[in-house]
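Undergrad: Using the sequences plus the hints, can you model the full thing?
Number of protein chains: 2
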Amino acid sequence: MTPNQSPNLSFSTAEYEARIAKTRAAMQAKEIDVLIVTDPANMAWLTGYEGWSFYVHQAVILGPDGPPIWWGRAMDALGAKRTVFMGHDHIHGYDDSYVQNPEKHPMEDLSMLLAQHGWHSKNIGLELDNYYFTAAAYLSLVETLPLARVINANGLVNWQRSVKSETEITYLRRAAKIVEKMHKTIRERAEPGVRKNDLVADIYHAGITGADGHWGDYPSIVPLAPSGADATAPHLTWDDSPLEKGEATFFEIAGVHRRYHAPQSRTLFLGEPPAKYRKAENAVLEAVSAGMAQAKPGNFCEDIANAFNATLNRLGFEKDSRAGYSIGLSYPPDWGERTFSLRKGDRTVLEPGMVFHFMPALWLDDGGIEITEPVLITKTGAENLCNTPAELAVKL
Amino acid sequence: MTPNQSPNLSFSTAEYEARIAKTRAAMQAKEIDVLIVTDPANMAWLTGYEGWSFYVHQAVILGPDGPPIWWGRAMDALGAKRTVFMGHDHIHGYDDSYVQNPEKHPMEDLSMLLAQHGWHSKNIGLELDNYYFTAAAYLSLVETLPLARVINANGLVNWQRSVKSETEITYLRRAAKIVEKMHKTIRERAEPGVRKNDLVADIYHAGITGADGHWGDYPSIVPLAPSGADATAPHLTWDDSPLEKGEATFFEIAGVHRRYHAPQSRTLFLGEPPAKYRKAENAVLEAVSAGMAQAKPGNFCEDIANAFNATLNRLGFEKDSRAGYSIGLSYPPDWGERTFSLRKGDRTVLEPGMVFHFMPALWLDDGGIEITEPVLITKTGAENLCNTPAELAVKL
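Residue numbers (numbering that gives the first Met the number 0), protein chains in the order written: chain Y, 0 to 395; chain S, 0 to 395.
By construction, these hints were calculated from the structure, which means they are not laboratory data.
Incorrect hints may have been included.
[Claimed, not checked] Subject to a maximum C-alpha distance of 20 Å in a straight line, what follows is the list of computed DMTMM-like cross-link-like pairs (lysine to aspartate or glutamate):
#1 S/LYS80 <-> S/GLU14
#2 S/LYS80 <-> Y/ASP365
#3 S/LYS180 <-> Y/ASP201
#4 S/LYS121 <-> S/ASP64
#5 S/LYS176 <-> Y/ASP197
#6 S/LYS275 <-> S/ASP365
#7 Y/LYS183 <-> S/ASP201
TA: Written out as structure tokens, the structure is:
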């Protein structure tokens, strides 16, 4: 705690310090002396740092002891002063001439900072497969830190985030209420002839105004809402095509509060759904309950996937891709935590406080069905954080 | 052109082929045989590929001849079939077990694909400092392509995009109309007591519904709208703090159509602005016109910045950061093209068809002033794509 600490913290200093202690234990287990954290969600989780600045190189440096150091573009150091729990003496901005300049790389400045702390010859952990930690950033560090030993620390901080604190669960519950409201808005506004972009505008408006007096933050993935044949592709974004009678549209969206995401998907059919959509709907719902029955402390992640897939196959459907993934705090381009997945072979043991997106999407040859839920592992089993009606939304 | 070509192209096949020819010439100049394009904007510009799938590894491969190859996650190959100009025989999806799996890396699959084409021992161009091309992706390629020679192709495709085609300029003009409408919405809705998130929800709604019958796409940067002391930091996002009388708020937003961005910023003051805000406003406006006078074919980018900064300094203000950058087609996290910058030392020659965000933001000790414009270089000079009133928006 310092006098010039930020006024805008989402968590207590004690919680940040507990996260740092947990992370340092994981560093020690991997013989990492100094951790360079470039994942924006990991940076925020460790320090509170907030801001849309991840399009330039930035990092949080966690040394062997003491508070972490925020490092980034000089103009964003001002944002760090407004958001991190550390004192201003732990905020370091680099000169703007480093920004998107092929002549020099910001990591040269980071190496100088590490040297100032006598860390240039230590075992340095890097998030090697993280968005925003580019090949050039790696090559610059390796060149300017010849005495350092690089250790792959990819996912190290992400894994510390798996089990959520009470406050984190509170934010996730608020996000869940927001996504419920967004789906309610879709059921109210979607009609044949409505332009897709107009419906998406209403979805954004519902999400960002928030719910139950809690404000909505921006989602790490924009609303995905493809119709008809476009819904055979999972990640297309919108245009101005009107909704049409006889078409299915799936809505993959998230409610967000203070960067915590509650993703939930539903499928809407305008007109009477063909029998095969009803068949797919029933298969998904039955497979989901089979999976949910396995969602409890002590079980493996794959237990949920295996129960889900066995039921789905018995009912005549196949799904090759994973059925879910860990969620929580996130920044674009992904609202997943990139740790455990609900798929065969993932032997991560479920614990109370883990939260995942149970994502049993089915893509049919002429469309898709998504009925997905944000799920919290409790002491005794699992809790669906939302109460949105599960079935296919049908408007005749 | 192929029978199974996508129905959703934003440009003619001829335009994609011209872009590819231009890019191949630049490859030849750098002795690159095979270019691996991982920047989502470069992927879209070369092939038409569209979709929110850049959170997994994907690329467009441009070999010595023939159409490019789209490579990505199997489920996104379906999106490629809906959006790229190439035939389906030039779309390659990798197995879902590669996704976010520490046991193996998707680039192993890409290397096999290159080998199948006999390209494993060629000179291979990589976008080394691009978001989404991670250190691990680089290390995996280097390990699995021992016979290849890696050449840094960072920015190679970006630079081909600098001069816009007629159709691109048409999309940018539509985006400019959209951002004008967004600023009009701000002037109408902003009042003391309005929660920031509610105002941002209205800004999103105005942007995505679009203008003049043209639909709005999502911006690559969310609306930035900090007030008061938070406005000393350029990249903070919103919460539910109410707008307050006596405070300045700047709105850094973009209108977007088919991924083409027209960013424009304005500053709003609730109540009578203090003299120093008026002084800063006048300085910025005078410095902007000095800069615009230098914005013409044949001049250097730095000519604009130098004229701008000289005027700003004469009027008693300083700006350390660059005064602008190239814009056009983009994906999160940045709406800049990451080629030329308006700053001292950038000797890029201005040409008709170049478009940039003239971004003369001033951050004062207790707030910020942003009055910025999307600008098109014409045959004879420069054109501001928007007609939004430039001055400080004041609501008493």
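Undergrad: Determine for every hint whether it applies to the structure shown.
TA: Outcome of the hint check:
no., hint, in the structure
1, S/LYS80 <-> S/GLU14, "holds (19 Å)"
2, S/LYS80 <-> Y/ASP365, "holds (13 Å)"
3, S/LYS180 <-> Y/ASP201, "holds (17 Å)"
4, S/LYS121 <-> S/ASP64, "holds (13 Å)"
5, S/LYS176 <-> Y/ASP197, "holds (17 Å)"
6, S/LYS275 <-> S/ASP365, "holds (11 Å)"
7, Y/LYS183 <-> S/ASP201, "holds (19 Å)"
The structure shown violates none of the earlier numbered hints.
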